[in-house]
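> Given only the sequences and the hints, what does the whole structure look like? Please build it.
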Amino acid sequence: MAKEMLKGNVAIAEAAVRAGLQAYFGYPITPQTELLEHLSKRMVELGRVFLQAESEVAAINMVYGAACTGVRVMTSSSSPGISLMQEGLSYIAGSDIPTVLIDVMRGGPGLGNILPSQGDYFQVTRSAGHGDYHPIVLAPASVQEAIDFTVLAFDLAEYYRHIVIVAADGQIGQMMEPAELPEMRPVNEKRPEWALTGAIDRDPNIITSIYLEGHEMEAYNLKVQAKLKEVKKSEARWVEHWTEDMDLLVVGYGTAGRIAYSAVEEARERGMKVGLLRPQTLWPFPEKRLSELTDEIEAVLVVEMNAGQMLEDVRLAVSGQIPVGFYGRMGGVVPMPDEILDAIDTHYKRLAIRLRDKERV
Amino acid sequence: MQEQILFAGFGGQGVMFVGQLLAYAAMDANYEVTWIPSYGPEMRGGTAHCTVVMSDKPIGSPIVSYPGIAVAFNNPSFEKYEPIVATNGLLVYNSSLIDQKPQRTDIQMLAVPATDIADELGNLRLTNIVMLGALLAARPLLTLDQLRHALEGHIPSHRRNLLDLNLQALERGAALVLHTPQM
Amino acid sequence: MSTTVCVPNMEVVYERPIALADVHTHYCPGCTHGTAHRLLAEALDELHMQDRAILVASVGCSVFSYKYFNVDSCEAAHGRAPAMATGIKRVNPDNIVVTYQGDGDLASIGIAEAIHAATRGDNITIVFINNAIYGMTGGQMAPTSLPGQRTNSSPLGRDVRSAGYPMRVSELLSQLDGTAYIVRRSLHDAKNVRKAKKALLTALKVQEAGLGFSMVEMLSSCPTNWGMNPQEALQWVEDSMLPYYPIGDYKVIDAVRELM
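Which chain is which? The protein sequence lines are A, B and C, in order. For the first sequence, the working numbering begins at 21 and goes up steadily by one. For the second sequence, the working numbering begins at 81 and goes up steadily by one. For the third sequence, the working numbering begins at 676 and goes up steadily by one.
To be clear, the hints were calculated from the coordinates, so they are not data collected in a lab. Heads up, some of the hints might be wrong.
Unchecked claim - So the derived list for chain A, only partly shown, Cβ under 7 Å to chain B, looks like this:
1) M25
2) M195
3) M196
4) E197
5) P198
6) R278
7) S282
8) P357
9) L361
10) D365
Just so it is clear, CB atoms sit at the ideal spot from N, CA and C, and this is done for glycine as well.
And the structure:
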C-alpha cells in the first residue's frame, strides 16, 4: 500500500482494525483520544464492537471478558488510565488471556500533564499490577513502527497467550508522518479451544486466576516463568546505528531514542565515535546484545524522558563493567537534539580523559 | 538537506492546517517529513504551533530548539519565536497583525500583510495560505505547483468550494515576494 | 459421579440439574447460596441454556461458583463482574451471560460497574445475593448491613451517622432507563424460594429476548457470620431484612410482561 500522511494515534487505531480487531473498549484520555475516536467510527462501520466504558477500570475488565471468548480485543489509554488498569492486567496475566494494550504515555506523577513522557517504563515493564510477570512491551519510535508494532502485538499476544503493551508517548500519538498501513486482514472467526463460547458438546471451559493452595499457585507461576523465559529468548528486538567502531554507546527508546538519533548523527559528523542502540522491546529488554556491546565500548549514555527507569535495565546488562551515564527530562519536557548532543559531548570528553589516564598508568 | 519550519499563531488562524499542507506536499515530492503539533496547555489561549521537518534522509528528531524557518501569525508568536530562529534563518511574519519591530539582524525577515491580502480576497481564513505562498517564494523548499497539488488533494471536502480562492491566495503570497524588492 | 438407582413404582422427585456441577460446595451449613445456585441451575436447565450460558463469578463467598455450575465460566476481579459480562456479551451476543454477585462485590466495590451496565441496558443478567454482610472476609459490615447491625467492623452496630445508610440496590438500579427487569425476592421460606425461581426464569427469558438489563436480588442468610443457627437466620431475614428491603418488582417494562 502507498504511504499516507498519518497521525500516530489514528495510525495505531487503523492498524488494529486491519489486524482484525473485533472489539475495543476504552475511555477518553489525552493524548490518545484520537485513537478511541477513530475506532468509534471505524468499528461501527465494520459491524464490530466499540464501547466507551465508564472508566479505565471497567474498560480493562470488559477487555478481559471479551478476550476470554477468544476474540481479538484491545484497549488504549495514557499513563493515569494505565495506573487504573493495573488490577485488570494482573488478572488477565493470571489467566493466560491474549490482550493488547496501547499506552500513549504522558507526564506524571499524579494528574501530571498531557505532554509526552516515558514515565510508565516501570509500570508497564515491571509487572503491570500485582504478582510475578512481565508483559511484552513494544516501544515505537515512529508512526510506521507504531503501525507495525500494533499488528505484531496481536500476533505475539495470541502466540504466547500473554499481554502485549505498545508503549508509545504523546509525541508519537500526536505527530504525523508518512507511513504505510497493512492490508486489511480478515477477522478470524475461529475461536481457540480454551475460549468461553458455551459448553456445547464439551466440558465447560473455566478461566480463572485463583489458586488457593500455595503449591498450585506456585506451579502456575512456574508455568508463567517458563513462558516468559521463552519470550525473553526469542522476542528481544532493537535497532543499532553506528555501533561498529565506537567508544560511547547511547541507549534510548521511542521518542527519546529517535531524538538521540539526531544527536548521535551530529556527534559522528563532529568526529566522535558514538553509536546508538534503540530497544524496540522494553520487555524483554535486549540485555544480551547490550552485554555483548559492553565488551567493545568504554561507556554508555542512557537517554530517557523520565528520571532514569530503563537506566536500571541498562545497568543490569552492563553489570558494572563500564560507566553508565544518564540524561533525562521529566514531566512532559522532551529533550532537544542539541541537549542530548551536549550530554554526549560531556560524556565523550570525560571518557577521553579517562582513556588518557588509563594510558598513562 | 533538512529544513525545520515552525508555524505559530492563534487557534483558528489555520496554523495547523498550513503545516499539514506543507507536509503533504513534501511527502508527495518524496521527501521524508514529520509534522508535530503543540497540543499542550498553550493550546488554551495564547499561541498554537506546529513544526514541520522535511529532509532527503530519515528524520531523527521531529522537533528542534532552533528552527531554520519560523512563520509567525500574531504578536505573541513573533515575541516567542523571533529569538529562537537559527542564525541565517528566516522569519516570515504577518505584518497585518504584528506591529513590533524585528530585533534580530542575523536572520532574514519577511513582512507579509497576509490578513489584509486575505481580506481583499474576501476570506480572512486564507491568511495562512498567503503566508505559505510568501514563504515558498522566499525559500523554494517546494514549487508552487507541488503545493497546488497538495491543496487539491487535501483541502477538507466542506471547504472544496474555496479551492480556487486558496490557489489565488497562494499566488498572491508568492507574488508579494517575487515582485517586491527585498529589504 | 452420581448414580441412578432404579426402584420400581417410585417417582423421581429430585435430580441434580444438568447445569449444576456434581461437586461439594464450600458453603457453610444453612447458607442460602446453595439454594440460589440450585435455582439458577434449574432455570438454565428448564430454558435449555446450559450449553450456551457463560457465568461470571465474583469475589466473595461465591468466588468458587464457577466450579459449581456445569457451564463455561470465568472469575472476575472484585466488583468487576458486570464489566466482564459486558465484554463477553458484546462479542458473544448469542450466549446467555450471567453474573453471580454478593452485596460487598456488587453494592460496594463494584457499584460503578453495576450502575453503568444497567444504564447502558447491557443485555446481561445479574443474580444478586444480599445477605447484609461480607461473608468471605469473615463478617464485616457491607453496604447493605442494616442500621444498628453488629458486624466485625461495626462491633457497636452500624452507626448511620458515620457509616451511612444501607443501599437499596434494586430501587437504585430501577431508576435507570436501560433496565428491563429488576426484582427483589427472598430465600427465607419455600414459598419465596419458588417465587425467586420464577423471577430467575423471567430474567433469563428477558436476556434471551434481548430486552436489556435484568437483575434478581435475593435476600439471603449468613448464619455463620450473623452468629445464628440456620433457622434463626432465616427468621432474621424475614423479621429484619424484609422491612428494610421489601420484596417486589421494581422495574418490569411492558415487553417483559408479555414474557411472564
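> Check the structure against each numbered hint from earlier and tell me which ones fail, lowest number first.
Hints 9, 10 contradicted; others consistent.
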